[in-house]
Structures are given as structure tokens and as C-alpha cells.
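So the sequences go chain by chain: A and B. Heads up: the first sequence at position 28 corresponds to 28 in my numbering, and the numbers run straight through without jumps. Heads up: the second sequence at position 191 corresponds to 191 in my numbering, and the numbers run straight through without jumps.
These aren't lab readings, by the way, just hints derived from the structure by calculation. Some clues are possibly wrong.
Heads up, the list lumps identical chains together, so a pair's fine if it works in one copy or across two of them.
[Stated by the list, open to error] List time: in silico DSS-like cross-link candidates among lysine-lysine, alpha-carbon distance up to 27 Å:
#, residue 1, residue 2
1, Lys44, Lys184
2, Lys196, Lys53
3, Lys44, Lys27
4, Lys196, Lys44
5, Lys184, Lys94
6, Lys169, Lys184
7, Lys3, Lys94
Here the structure is a predicted model, which is why all the values come from computation and not from measurement.
In case you want the letters, here they are:
Protein chains: 2
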Amino acid sequence: MGKINIITIGREYASGGRAVGKLISEKLGIPFYNKEILHMAAEKLEMSADDVKFADETAASSLLYSMSLMSNLSAATALPLNDRIFIEEREVIKTLAQQGPCVIVGRCADSILKEIRDDVFNVFIYADSESRARRAVEEYGEKPENVYTSLRKHDKKRSTYYNLNTGQKWGAKDNYDLCLNSAKIGIDMCAEAIIKLASEL
Amino acid sequence: MGKINIITIGREYASGGRAVGKLISEKLGIPFYNKEILHMAAEKLEMSADDVKFADETAASSLLYSMSLMSNLSAATALPLNDRIFIEEREVIKTLAQQGPCVIVGRCADSILKEIRDDVFNVFIYADSESRARRAVEEYGEKPENVYTSLRKHDKKRSTYYNLNTGQKWGAKDNYDLCLNSAKIGIDMCAEAIIKLASEL
């Protein structure tokens, strides 16, 4: 992929960002990491399946946690579980990036890798609420009567997780190299455009 | 260009958005409109050269103006000059869009055309302040000691103009179909990516 090895994808809930990432990984024949990162981190921390389920991209920031970030502890066992997971996920993301080209969805990967590597292309996928509601109902089987609440709830969770862990604003275009409206551009064309840019940069 | 006929480009000051638009227009062989729109509007209003110089993308909103938007007056002579210009520019933009494929830079064209046409691709070009400062000094001949003030001043002017005239937030990605970081992607590749997407949508 030229100078770019790692493609990170941030995404609004039900915008199709995961599907875009999956497609890129298939077309380029490189690994795709999303929930896998949580599972790798959980394994290192010897977490139970139940704890893992509730910890995905969930923030529980604390003073202890902020201190651990400053001192760069990687397994500060005194910290709340969600914070220990983030610290562990951060290490997993850095390790995966070292292993070669890949696509990483969510998990603040853009911010984590931006500071230590220059071969990262950071993308954000978004869409209008109506299109996302339609996708959540059709693709994820959500109930139409609850879907707008669900969009808000998921986006709130992701933005809190991102904002607390990075000190930046989730979805603010300045954090990314490219932002695509998947409702207008479509999943396939989003993937194609990202591949083309990442290959030629 | 497939379903897309009009490409609008919003841009942070000194991000190279104008250059991207010019390149697209040259490669596709379609007209490029930027300051031309102001001059066409000014001609209709029989404005002096001095008035034109100070009115470019400058807002002076008023209650009268808001009322005129609601009643869709096109030459309400009682309005402040800047508002009369915007109303006239809006008509010029609509007319130009009817005449065939083109690239339009700035002037709230995305918002003006989105409501009445579905063949519009709305793009926003941005970059980090350091890259824009460098461009402003190298390309526009600005003084290094004043350049960050200049960036802020120009962006403020553009955002006020956009926000007051459209009721939306300038540079907020939800208003656009695609946002590109020109410092990372480069002017040429920005133009290529936009052309490819606009051609295949």
C-alpha cells in the first residue's frame, strides 16, 4: 500500500463502517481487527466472558487511570476493569500494527497509532440518521420503534469512550484524513476510494 | 459524471480547496466558479468595485434579511448590501447549476443546491493549521508573523457567513458527502478521488 500500512476506521453506529473495513481487508488480503482486539486484551487480563461482553468500547475513566496513562503502565491491576481493558487494548493495537498491514475498526486506534507511526491512514464513516436507522433495522434486526434511541445511545457510548481516552473529539474531522458519508457514497465505493488513496499516498 | 453534475467545495482558508476545485474543472473540462459568482451578482446589483471588494463572503445578517429569505425576494433593495449580495449570489448559483456540470467553490453552494437538486456532490477540504500556515506564506505571500491570525480571521469570516446564511455549521462533516485532509492526501490526489467518486456515483 505505498507509504500506508495501517487503515483505521472510526464510524457512527450503523453507518456501515465495519462493512467498509471488512471489504477493504478482503480486497487487500490483509487482516481485519475489530472485536478481536477486545478478546485479545481480555485473554491477557484473564477476564470472564460476561465482563468482556459489557466492556466493549465502554469508558470508565478515573484519576487513577489518567495517572496510569502518564506513567504508561500496561497492567495496572488497581484500576477499574474498563480502564485496564483500554490500556491492554492499546498495547494489542500497537503490537498488531507492528505485525504488518491491517484494517482496525474503532477502539481509538487512529489516536493511539498517530503518535507513534506515520504509515497510518485514518478514516471516519458517517451518515444521516434516517439512513443509519434503516440499516440498523434491516441489517441488525433492531426494532423500528426504538431505533433512533439506539443510534443515540451507541454514538454516545462511542464518543464518551473516544473523548475520555484520547482527549480529542470523536468524529471531529480534524482527527481523520478522510471522512465519507456512506449514505451518499455507498459501502463499496467508500472501500474503493479508501483503498485507492491508501495505495497511492 | 454519472448522476452527479455539480461539485461544490467548501474549504478552510489556505487548505488548497480552490486549487483542488480548479484541477477538477480542468481535468473534467467543466466551468469553475468562485469569485466569478460575486462579480455576476454585483453586476446585477450595479455595485461599485469598492463595494464588491469588501463584500466577498461577508455576512451582515439582519431581521429584514431573514424575512426576505422566507419570502424568497431576489432583489429586496431595502436590505443591507451584504444581504442583498447573498440573495443575488444564491440566484446566480441556481442559474449556473441549471446550465450544466460545474465546480463551485464556497458561497454556501452546498446548502443552496442540496435543497433543490439531487445531482450535487458536496466536498469539504481541510488541513492542520501548520500546513495551512505554510501554504499561506508560500503560495499567498503572507507574512509568517501574522499568518496564524490570518488563518483564524479568514476561517471566522467564512464560518460566520455560512452559519448565518444556512443555519448550519460550516465545516461540520454532516453537511458534506466527503471531507478530505489536503495536508495528508495532497491537492492532486484530492482532486482525483473527488473526480472518481463523482463519476461513479
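### Query
Where does the structure disagree with the numbered hints, that is, which hint numbers, in rising order?
Result: hints 1, 2, 3 and 4 break, sorted rising.
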